[in-house]
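Chains R and B, in that order, give the protein sequences.
With UniProt numbering, letter number 19 in the first sequence gets 19, and the count goes up by one each step, no holes.
With UniProt numbering, letter number 104 in the second sequence gets 104, and the count goes up by one each step, no holes.
It should be emphasised that the hints constitute simulated quantities derived from the structure, not laboratory data.
Fair warning: there could be bad hints in the mix.
[Stated by the list, open to error] Below, in silico cross-link-like pairs of lysine-lysine (BS3-like), each with a Cα-Cα straight-line distance of 30 Å or less:
1. B/Lys-79 to R/Lys-420
2. B/Lys-119 to R/Lys-420
3. R/Lys-7 to B/Lys-119
4. R/Lys-420 to B/Lys-225
5. B/Lys-123 to R/Lys-324
6. B/Lys-75 to R/Lys-324
7. R/Lys-7 to B/Lys-225
8. R/Lys-151 to R/Lys-165
9. R/Lys-420 to B/Lys-142
10. R/Lys-3 to B/Lys-141
11. R/Lys-3 to B/Lys-145
12. B/Lys-75 to R/Lys-412
13. B/Lys-225 to B/Lys-33
14. R/Lys-3 to B/Lys-119
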Amino acid sequence: MIKFLLKGILRDRSRSLLPIIITALGVGLTVLLSGYLKGAFGDIVDQNARFDTGHVKVMTQAYAENKDQIPNDLALLDASEWLDTLHTEIPEMQWIERIKFGGLIDVPDKNGNTRAQGPTTGMALDLFSGKSGENKRMNIEASLVTGTIPKHSGEAIIGHDFAEKLNLKLGDEITFFGSTMNGSMTFKTFNISGTIRFGTSAMDKGALIVDITDAQLMLDMNDATGEILGYLKSGVYDQTEVNTIATIFNSKHKLSTDEFSPEMLTLREQNNLASLLDYADVMSALFIFVFVLAMSIVLWNTGLLGGLRRYQEFGIRLALGEAKVQIYWSMVLEAVLIGVIGSILGTIIGPGITYYMQVVGIDISSYLENSSMIMPSVLRAKVMPNLFYIGFIPGVLAMVFGTMLAGIGIYKRETANLFKELEV
Amino acid sequence: MENHIISLKNITKRFKVGEGEFTALKDINLEFKKGEFAGLVGPSGSGKTTLLNIIGSLDSPTEGQALVMGNDISKLSHKESAQLRNHHIGFIFQVYNLLPVYTVYENVEFALLLQNYTKTERKKMVMEALEWVGLTDMADKKPDKISGGEGQRVAIARAMVKRPEILIADEPTANLDAENAHIILKMMKKLNKELNTTFLFSTHDEKVMKYLNRMVSLRDGSVEKDEIIAKEAYM
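Sequences are here, hints too, so could you generate the full structure?
So this is what it looks like as structure tokens:
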């Protein structure tokens, strides 16, 4: 019977073409939206993890409370001791120190007078030890527009656009003016070793990257650090795992009586990422729900029209001795076949377009010019294994659900009228 | 008791019309033996189709008892009625009603798909049925590529392929010219003899009446005349 139904589907285009097109488009659209949401939100999470939050971050409670102000006066002291503790207690993570700082960059002319000035947001990373993995994690080498990574003390990388604005060239000297962790004024001269563009407006805007030893010296933060970031060695963020780690750490080291005791925050607990991630999940589920509902309504109508067109066929089948329930389930079986064909097509089309969106993406940099959010300037979709089934099941379900609704009409058919109906 | 394949006792059928009722059949008492070639004749509205509906288990009587192959039609569920039609009753309609997307072979085969025959068995039965109606060379053609007469022959093959005990034909020649009508009727008569299938017609076509062995005349829902006609007159 399946072969017989399949022949009917393939030969009678009016029975199958429209539902297959609708299902394929719906599945393709669901796959694309899912891939785009996952890709865009995944990129946002990934960038936040790499540039700012880590998978977990350890700060003093006081620093954590005011971290938007980069309060280095509330930094974590005895950083090396804390690093040892973290390495011992939580060996499944890689731990690195970072210091953020703000200040002013002054560009002198050949006479030493100010030629240009601009505010900067600096980040100090472990660039020199070669063990931190920061180069790879921050994708620094690949993001360099000109020059090289700092190799010696006193070298710095500056945002490419920032450098152009200040009319800086490689090898030029700049002077950083800011305040130490104790509130005193500090200044330090750096040589520009390279210019960089991360593709993240919040990072590129006035960026200055130096080695952490230079920053500790410049900011008077000997054996102190603003933040200690932890990354799971698998490289993949796992909410359950980091929750457990953070809970254990906080129960042991976070003291309610000491605001300078350390606190560990997970990625979700920073930068409003929890709501962003929940939003992504809700939106993804909503898209699938709306797709199933909308497709079901459209396919219900298509099923009703098909039922009218096949009125004679169903009459014959009733007369030949097929029970109404058999006809109903054969319609459902047809719907499964059509749904599968449509979903297969949609599953081919969807990831195809998703891949295109992964390569090309949507440039939102103009909307992020004044944003302090760490998010990519180009939102890209992402082709993932789950895209190959995420639309498939709803595609088949929508077709089956629509047909089940439309097929109820068969039960209202009176066999007593068959002779009259089939005379036409 | 004789070998009655159909037994109708005091059959009355009423339909609701608005707030009133219309009596389509009044106290019908008829019996048909296996292998009969009988016709229900009468003008429109005389109750022919209603009676065929009841015999074909497409409808049930309001009063009385209709026994078809020993099954009381009034007591059958929808599924049991479908089973009865599936295994024991074939239908031929005024319009041959072939499924347009399937070939002649597949149209005939469809009747067998509802039963548990193997592919080999089905092929043998379908080709045999097409041979009965002389259409083996048309097996791969679609309904829109064959003539009206051929279409009705396919419909006969579809009805007969499962070798039903009863074949019900509602005005089977109404859409055919005289030549094709005679071809069809001769074919049915032959099958009636060879397979001993009971043929029941509803007709007011003189051509059909000439082939009948038995003619039941209905008027206003009642049996007006039930006569045995000279057998084999037109064979």
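Hint-by-hint comparison with the structure:
1. B/Lys-79 to R/Lys-420: holds (22 Å)
2. B/Lys-119 to R/Lys-420: violated (34 Å)
3. R/Lys-7 to B/Lys-119: Holds. R/Lys-7 to B/Lys-119 sits at ~16 Å (cutoff 30 Å).
4. R/Lys-420 to B/Lys-225: holds (25 Å)
5. B/Lys-123 to R/Lys-324: holds (26 Å)
6. B/Lys-75 to R/Lys-324: holds (18 Å)
7. R/Lys-7 to B/Lys-225: Distance ~49 Å between R/Lys-7 and B/Lys-225 Cα, so the pair is violated.
8. R/Lys-151 to R/Lys-165: holds (25 Å)
9. R/Lys-420 to B/Lys-142: Distance ~25 Å between R/Lys-420 and B/Lys-142 Cα, so the pair holds.
10. R/Lys-3 to B/Lys-141: holds (18 Å)
11. R/Lys-3 to B/Lys-145: holds (23 Å)
12. B/Lys-75 to R/Lys-412: holds (20 Å)
13. B/Lys-225 to B/Lys-33: holds (18 Å)
14. R/Lys-3 to B/Lys-119: The hint holds at about 12 Å.
In the structure shown, a violation is registered for the earlier hints numbered 2, 7, in ascending order.
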